[in-house]
Amino acid sequence: MGRLPKWNEMQEGFITKTLSESINKTGTWRTFKPIIDYSRCTKCGWCVIYCPEPCISFESSGDGKVVIDYDFCKGCGICAEECPIKCIDMVMEE
Amino acid sequence: MPFKNLKEIIARQDFFSPGHGLCAGCGAAQIARIVMKIAGKDSIMVNATGCLEVSTTTYPWTAWKVPYIHVAFENAAAVASGIRAAYDALIMKKKLGKDVNVVVLAGDGGTADIGLQALSGAFERGDRITYICYDNEAYMNTGIQRSGATPYDAWTTTSPAGQKTLKKDLMGIAIAHRVKYAATATISYLLDAANKVEKALSISGPSFIHWLQPCTIGWRYDPKLTVKLSRLAVKTGLWPLYEHYDGINKLTVQVPKRTPVLEYLKLQGRFRHIMDNQEELAKIQSYADELAAKFGLGPVVE
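These protein sequences, in sequence, are chains A and B.
1 is the number of the first residue of the first sequence in my numbering; add one for each residue after it.
1 is the number of the first residue of the second sequence in my numbering; add one for each residue after it.
If you are wondering where the hints come from, they were derived from the structure by calculation, not from laboratory data.
Note that the structure is a prediction, hence the values are computed from the model and not measured.
Just so you know, not all the hints are guaranteed correct.
Unchecked claim - Derived list of chain B stretches under chain A, where covered just means 3 residues or more per stretch with a C-beta under 8 Å from a C-beta of chain A: (1) 5-18; (2) 70-81; (3) 222-235.
What the hints assert, rightly or not - In the DMTMM-like style, the derived pairs of lysine to aspartate or glutamate whose C-alpha atoms are separated by at most 25 Å in a straight line are: (4) B/Lys-167 <-> B/Asp-14; (5) B/Lys-228 <-> A/Glu-9; (6) A/Lys-65 <-> A/Asp-37; (7) B/Lys-168 <-> B/Asp-88; (8) B/Lys-228 <-> A/Glu-12; (9) A/Lys-43 <-> B/Asp-14; (10) B/Lys-41 <-> A/Glu-82.
Here a beta-carbon is modelled for each residue, glycine too, at the ideal position from N, C-alpha and C.
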């Protein structure tokens with residue numbers, strides 16, 4: 001991204017079009033990293049719907065497994081806490 | 001058509017993008033995400049000042065994939081009314097073919113305290129807007145000051161010995177304005193909440209949703225407990241989930257066996273000072289019992 005317009009250079013009705021997902025990688029905030037145990041995951045979707053980011057989704061290709069986008073995951077641990085079969089572990093980030 | 005399971009909600013497209021600056025485990029992000037999933041592409045988001053505004057629209061990026069306008073605390077409902085009027089006029093003149101959803105998201109400070117008179121005006125005029133109050137029970141954005149929606153005995157920086165008044169009854173205020181649709185929701189019962197948002201959007205007048213949102217910073221708890229706490233708020237009877245439609249209150253989530261309020265309070269640091277005070281705990285329990293009697297919830301089971 002080049003130089004951004006300053007407040008006094010903006011036109012009236014200036015609209016921000018840059019999406020946060022393109023520049024603001026919040027994954028660096030994380031202390032604990034959620035790791036899914038795929039051998040036990042039932043793809044119920046609770047982590048997908050409860051993720052506040054949202055950075056957990058069903059993979060569109062392949063067998064539709066649950067994937068976590070670590071570029072954005074802040075490590076809050078809601079997915080691990082809410083998982084009905086507790087197949088997500090929170091592991092200290094290295 | 002009401003949603004039958006969570007998979008149907010997950011299948012909807014997201015219009016709230018990741019990479020926003022809200023805290024880890026923030027419930028407001030969940031609310032914004034679900035509301036946008038239901039409201040869809042043809043919506044205009046009006047956002048009063050608050051956590052959600054400052055952390056989702058930091059220059060030069062935005063987390064919203066729909067038209068979004070930030071307005072001051074006091075006039076979110078008034079701006080929404082204006083947008084509604086403009087769209088109605090354009091549609092009447094046949095300059096626009098399709099309608100939009102005008103959705104307001106405002107915090108408890110922007111609803112219960114500062115924005116109340118604009119909201120009252122919008123309700124009274126009968127403008128077709130959906131007003132959603134995400135209630136984190138204090139002014140969390142500016143550093144946890146008490147608001148009109150802070151519950152009894154909760155610690156905030158401006159009520160250090162605990163709030164000594166009861167939470168303002170926003171639903172009662174909305175119902176007193178004879179709004180067609182008003183409902184309470186919370187983030188743990190998402191299917192119920194999603195159906196309420198959909199119903200609110202379909203109403204041909206003002207609709208109001210009061211949405212409880214645990215705040216990890218202000219309530220003083222571990223971020224992973226956000227959903228658990230909102231579930232406990234319902235199970236203890238402190239946050240009955242009901243809707244008001246056509247003049248009738250209807251409970252949407254029944255609680256056959258209530259949990260004692262202590263289970264909910266002991267997880268939150270903001271109630272730490274009353275943990276040994278049986279008298280205060282009994283007061284909060286009796287408040288929950290009062291709500292339970294009003295809405296027909298089950299008895300307390302230890």
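Hint numbers the structure violates, sorted upward?
2, 4, 5, 7, 8 and 10
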